[in-house]
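Asks: One letter stands for each residue in the lines below.
There are 2 protein chains.
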Amino acid sequence: MITHFFEDFKTGDAYDFAIPAMSKPEIMAFAAAWDPQPIHVDEEIAEKFQGGIIASGYHTLLVALRPMLATVMAKSANIGGPGMEHIRWLYPVRPGERLQTKVTVANTHASRSKPDRGLVSFDVETVNEAGIKVMTLQFAAMIHRREPAAPA
Amino acid sequence: MITHFFEDFKTGDAYDFAIPAMSKPEIMAFAAAWDPQPIHVDEEIAEKFQGGIIASGYHTLLVALRPMLATVMAKSANIGGPGMEHIRWLYPVRPGERLQTKVTVANTHASRSKPDRGLVSFDVETVNEAGIKVMTLQFAAMIHRREPAAPA
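Order-wise, the sequence lines are chains A and B. Residue 1 is where the first sequence starts when you use the working numbering, and the numbers rise one by one after that. Residue 1001 is where the second sequence starts when you use the working numbering, and the numbers rise one by one after that.
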């Protein structure tokens, strides 16, 4: 059921999500499937390089965005995402850590060429229990309008 | 087994990977788990917005990078990735499409403050069977040196 259209997003709108902790087996299984680098799957090398197994940044990206994608975005008339910018993995994420994600509408731009849609840009900030930023990024979505824009 | 160190990456080094096609059930299952937006999980809305189900950009990101992460990066003394830049989902990826990923070493920077490591930046370009770019991005990794840098 689509309930959110371009007009429903306003600069400054913010959403907060509690992110379920990743267990060590989950971190290692995700990494084995998608990102089998030693710091994510090899206890010995991870200990030496990072003081223990840390989550793949791709895993952190997915768990941290999932609640936004599964709620606000899943109800939106999203045509597609043009991309992401400035993904920063600022601090290691370790097994059992409960993260918090804040998503803010950074800006909205009605399309100049297509009156039926507009681009919404979001800032994402994910922090750990100590309040340390572990990841920041920006993403955007091209979203249908409820009503076509009036001609300028 | 770590065989690749900072010194082993040279600007212009390139790697080519054939990417296994995502089936429609795989696309929908991945999206149900991580990115349940209508264009990825709802046949009717996907048909209207995109002419059919398209892969989540996060799914494309993972399948397109996996061979690089599982080969070159998995053998590297990678301490961690600071992030990604300019992720562009340029063209929809549909079920059954065989993609090709090219990863190029964009540049390497020995760390100024830590003589045991350096930053390697990679350009990634993923194309479909028609040669159309479907995704481009940049990522970086902080990688241990085999031998500490000589003092400047």
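Derived from the structure by calculation, the hints contain no laboratory data. These numbers come from a predicted model, not from an experiment. Warning: the hint list may mix true and false statements.
Derived CB-CB ranges, DEER-like [unchecked claim]:
| # | chain 1 | residue 1 | chain 2 | residue 2 | range |
| --- | --- | --- | --- | --- | --- |
| 1 | B | Gln-1050 | A | Thr-71 | 14 to 24 Å |
| 2 | A | Asn-107 | B | Tyr-1015 | 16 to 26 Å |
| 3 | A | Lys-133 | B | Ala-1032 | 21 to 31 Å |
| 4 | B | Glu-1097 | A | Asp-116 | 23 to 33 Å |
| 5 | B | Glu-1085 | A | Arg-146 | 32 to 42 Å |
| 6 | B | Glu-1043 | A | Thr-71 | 39 to 49 Å |
Calculated lysine-lysine pairs in the DSS-like style (CA-CA distance at most 27 Å, straight line) [claimed, not checked]:
| # | chain 1 | residue 1 | chain 2 | residue 2 |
| --- | --- | --- | --- | --- |
| 7 | B | Lys-1075 | A | Lys-24 |
| 8 | A | Lys-10 | B | Lys-1048 |
| 9 | A | Lys-48 | B | Lys-1114 |
Glycine included, C-beta positions come from ideal geometry on N, C-alpha and C.
Asks: Does each hint hold? Answer for all of them.
Replies: Hint check results:
At about 21 Å, the CB distance of B/Gln-1050 to A/Thr-71 agrees with the hint of 14 to 24 Å. In this structure the supplied range 16 to 26 Å is violated for A/Asn-107 paired with B/Tyr-1015, their Cβ-Cβ distance being about 37 Å. The hinted window of 21 to 31 Å between A/Lys-133 and B/Ala-1032 holds, with their beta carbons roughly 29 Å apart. For the hinted restraint 23 to 33 Å between B/Glu-1097 and A/Asp-116, the CB-CB distance of approximately 27 Å keeps it satisfied.
Between B/Glu-1085 and A/Arg-146 the C-beta distance comes to about 34 Å, which sits within the given range of 32 to 42 Å. Checked against the given bound of 39 to 49 Å, the beta carbons of B/Glu-1043 and A/Thr-71, roughly 21 Å apart, lie outside it. Simply put, B/Lys-1075 and A/Lys-24 have alpha-carbon atoms about 21 Å apart, close enough for the 27 Å limit, and the pair holds. Among the hinted pairs, A/Lys-10 with B/Lys-1048 is consistent with the structure: their alpha-carbon atoms are about 25 Å apart, no more than 27 Å.
Annotation: proposed proximity of A/Lys-48 to B/Lys-1114 holds, straight-line Cα distance about 16 Å (limit 27 Å).
Against the hints set out earlier in the document, violations occur for numbers 2 and 6.
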